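Student: Residues per chain are reported as follows:
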Amino acid sequence: MTKTSRWLSKNLIRIYAVLGFTYLFIPVIYTIVFSFNNSGKSNLVWRGFTFNNWRNPCGAADVCNALGNSLKIGFISTTLATILGSLIAFAVGRYAFRGHGFINSMIFLPMATPEIVMGSSLLTMFIGFGVNPGFWTIVIAHVMFCISFVVVAVKARIASLDPRLEQAAMDLYADERETFRKITFPLVAPGIAGAALLAFSLSFDDFIITNFNSGNVNTFPKFVYISAQRGLPAQANVIGSAMFLIALIVVLTAQFVGNRRKTTA
Amino acid sequence: MTDASKSAKGDLKLSSLVKTYGEFVAVDDLSLLIPEGSFFALLGHSGCGKTTTLRMIAGLDEPTSGSIHIGNTDITYQKPYDRPVNTVFQNYALFPHLTIFENIAFGLRRRGIKDVKEQVDKVLNLVELPHLAQRKPTQLSGGQQQRIALARAIVNRPALLLLDEPLGALDLKLRRQMQIELKWIQTEVGLTFVHVTHDQEEAMTMADTIAVMNEGKIEQMGSPADLYDSPRTAFVANFLGQSNLIKGRVVDSDGDANVVEIHGQKVKVLKNRSVAKDSSILFGIRPEKIRIQPGAHQLSGCVLEGGVISDVSYIGVSTQYQVEMPWGQELMVFEQNDDGIPPLAKGDPVKLSWETIFSFGLDGSEDASAGSEVNPDED
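In the order they appear, the protein sequences are chains Z and F.
Those letters in the first sequence? Residues 1 to 265, per my numbering, in order.
Those letters in the second sequence? Residues 1 to 379, per my numbering, in order.
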């Protein structure tokens, strides 16, 4: 009895961790496994193993068009949101000016607003202005909600930057422009890159706001949602799994490069 | 960038420098001349205005009024990157994303120098760390980072090198070693060093001239020996080492000395070692200058009688006594343990004596405890 309880107290944290990760990863594993399903119309029941879905990812009607739109929208809104958000972050993170506190708290507002409310009111606004919902209304909406996240992420990085490093650069004959180029930007860059990755995944993932403001344009989440009602093609699993693997590779590469920088040089 | 300022050389002159933050006066009408090639220390508690002064010289803060000159060039409002001044920051502020080599080459490259290798290697040899050129700052120990910060500044051969508590983050042993090294490097490169510190021992070890700062003003300036032997304010007397300061009255004159009455006993202070404005005087004597004797001895020089030992601390090279005087004040006495006689005991009645040349006189209106306690602002 005491032996068992001692074993338990020693290994409880491990058991807990295994259960936790199982909980987190079962859906992902399920997605990957079912991307190899020899499905007919619907990918709900296992019907045997096949590579056909991976060989022919665009096999289902409109799936690659939707994916293409999602990628395009993701890249454009990430670029815009990252540039604009970083500029805001530098402004509120570095300078004191009138309305500083107000702007600082306003930044959080889009993050706190329910998506369903934001999506519907954006649509009302677009219609009010006589703009037809489509590709660019999606981009505008995505840039809007991504900016907040970029600002928060980049601002945190700027806050952790020792102002004495910039003073040291100025002391060593670098003017304002050189100080930014050689010291400030390289040191904040990892924060900006992280913010961009976050913005892209938010944009790529978004369904609720996009669904309100997309008109006839199809995106990947919209495609999955709509086709789920009549039977999801296995290609959706293929694309989902591929995105997961790409994200995994990006994260692992970033970590590997980071570690190398720390240990060698 | 004006070439004239880059090539500016000569003495550093601060004239009526003032810096205020709202109501708070950080630096109060400071005037100072620091000769070219000297090792100068600004010494004081934190919050005394020494770092603000340094930042104004570096161009990181703008003075409220007054001016700063190097030689004949006015640099008061010049940008930091236009001044022939480099700083060794308190936390070193090495650029974490650049190698040690690139950190040191930074200033040279910004000034458009293409071939930096020779100069960087030379200065790396000077600080004895040539093997670390390709490392990153985080891979270095505190002492190594300190030397690289120094190398990064002196490679530019500035007219003026500012050091902001450069040894504050090092442990005692390393600090001692670096004190000697810094002094040696300063002699070697012949640059003007302005060193800010709150550590009186550090200032005395390294500097040719020390300015003791208190509440935005300079209390006294001089060589370390000058300040220690002839303090002119209670703050300096207590901040540099320890002092016994006793209230008294000048009652008579005897040749080149004044006779001072202390609670009925008479002692002397040389007239040229007293800054008392009238008969009210704060009579001063350093603890190690005092001889301590049991009751019966005949004594020469100045003598104070009627003391009783209230505390004895044996600390190896010396014994430190607290002696309670008849008027209730406790005086400190440090005795070298060089005579083979066992220390006196608590409760022993003693006489204190010293050579007249060692005593000094301060203005009688001063607070005898000024500068002796750790400033509440001290971190």
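Don't read these hints as lab results, they were simulated from the structure.
Note that the structure is predicted; figures quoted are calculated from it, not measured.
Heads up, a few of these hints could be off.
Distance condition first, Cα-Cα at most 20 Å in a straight line; then the derived DMTMM-like pairs of lysine to aspartate or glutamate [said to hold, decoys possible]: (1) 182/Z with 82/F; (2) 114/F with 62/Z; (3) 117/F with 102/F; (4) 3/Z with 166/Z; (5) 247/F with 165/F; (6) 351/F with 278/F; (7) 122/F with 165/F; (8) 173/F with 215/F; (9) 277/F with 288/F; (10) 289/F with 215/F; (11) 79/F with 178/Z; (12) 217/F with 339/F; (13) 79/F with 62/Z; (14) 114/F with 128/F; (15) 346/F with 363/F; (16) 217/F with 261/F; (17) 182/Z with 115/F; (18) 182/Z with 188/F; (19) 266/F with 339/F; (20) 351/F with 335/F; (21) 351/F with 367/F; (22) 79/F with 176/Z; (23) 114/F with 178/Z; (24) 351/F with 261/F; (25) 13/F with 178/Z; (26) 217/F with 338/F; (27) 13/F with 23/F.
Student: Are the hints correct? Go through all of them and say.
Tutor: Each hint, compared with the structure:
1. Taken as a hint, the residue 182/Z and residue 82/F pair is honoured in the structure, with Cα atoms around 18 Å apart against an allowance of 20 Å.
2. Taking the CA atoms of residue 114/F and residue 62/Z, the gap is near 58 Å; set against the 20 Å cutoff, the hint is violated.
3. A C-alpha spacing of about 10 Å is found between residue 117/F and residue 102/F, which places the hinted pair at or below 20 Å, so the restraint holds.
4. Of the pairs offered as hints, the one joining residue 3/Z and residue 166/Z is violated, with about 60 Å between alpha carbons and a cut-off of 20 Å exceeded.
5. Restraint check for residue 247/F and residue 165/F: not satisfied, since their Cα atoms lie roughly 36 Å apart, outside the 20 Å limit.
6. Distance check on the hinted pair: residue 351/F and residue 278/F sit about 29 Å apart at the alpha-carbon level, beyond 20 Å; violated.
7. This hinted pair does not check out: residue 122/F and residue 165/F have alpha carbons roughly 25 Å apart, beyond 20 Å.
8. This hinted pair does not check out: residue 173/F and residue 215/F have alpha carbons roughly 31 Å apart, beyond 20 Å.
9. The hinted pair formed by residue 277/F and residue 288/F fails the criterion: a straight-line CA distance of about 27 Å is larger than 20 Å.
10. Straight-line distance between C-alpha atoms of residue 289/F and residue 215/F comes to about 30 Å, which puts the hinted pair past the 20 Å bound.
11. The straight-line distance between the Cα atoms of residue 79/F and residue 178/Z is roughly 14 Å, inside the 20 Å bound, and the hint therefore holds.
12. About 44 Å separates the Cα atoms of residue 217/F and residue 339/F, which puts this hinted pair outside 20 Å; it is violated.
13. Under the criterion of a C-alpha separation no larger than 20 Å, the hint pairing residue 79/F with residue 62/Z is inconsistent with the structure, at around 61 Å.
14. Using a Cα cut-off of 20 Å, the hinted pair residue 114/F and residue 128/F is violated, with the two alpha carbons roughly 24 Å apart.
15. Taking the CA atoms of residue 346/F and residue 363/F, the gap is near 33 Å; set against the 20 Å cutoff, the hint is violated.
16. Proximity of residue 217/F to residue 261/F is assessed by CA-CA distance (about 32 Å); at most 20 Å being required, the pair is judged violated.
17. Between residue 182/Z and residue 115/F, the direct Cα distance comes to roughly 19 Å. Compliance with the 20 Å bound is thereby established for this hinted pair.
18. Note on residue 182/Z and residue 188/F: the hinted pairing is violated, with a Cα-Cα distance of about 32 Å set against a maximum of 20 Å.
19. As the CA atoms of residue 266/F and residue 339/F are separated by approximately 29 Å, the hinted pair breaks the 20 Å bound.
20. About 14 Å separates the Cα atoms of residue 351/F and residue 335/F, which keeps this hinted pair within 20 Å; it holds.
21. A distance of roughly 26 Å separates the Cα atoms of residue 351/F and residue 367/F; the hinted pair therefore is violated under the 20 Å criterion.
22. Taking the CA atoms of residue 79/F and residue 176/Z, the gap is about 10 Å. The hint holds against a cut of 20 Å.
23. A distance of roughly 16 Å separates the Cα atoms of residue 114/F and residue 178/Z; the hinted pair therefore holds under the 20 Å criterion.
24. Restraint check for residue 351/F and residue 261/F: satisfied, since their Cα atoms lie roughly 17 Å apart, inside the 20 Å limit.
25. Among the hinted pairs, residue 13/F with residue 178/Z is inconsistent with the structure: their alpha-carbon atoms are about 30 Å apart, more than 20 Å.
26. For the hint linking residue 217/F to residue 338/F, the alpha-carbon distance of about 41 Å lies beyond 20 Å, and the restraint is violated.
27. This hinted pair does not check out: residue 13/F and residue 23/F have alpha carbons roughly 26 Å apart, beyond 20 Å.
Hints 2, 4, 5, 6, 7, 8, 9, 10, 12, 13, 14, 15, 16, 18, 19, 21, 25, 26, 27 from the list above are not met by this structure, while the remaining hints are.
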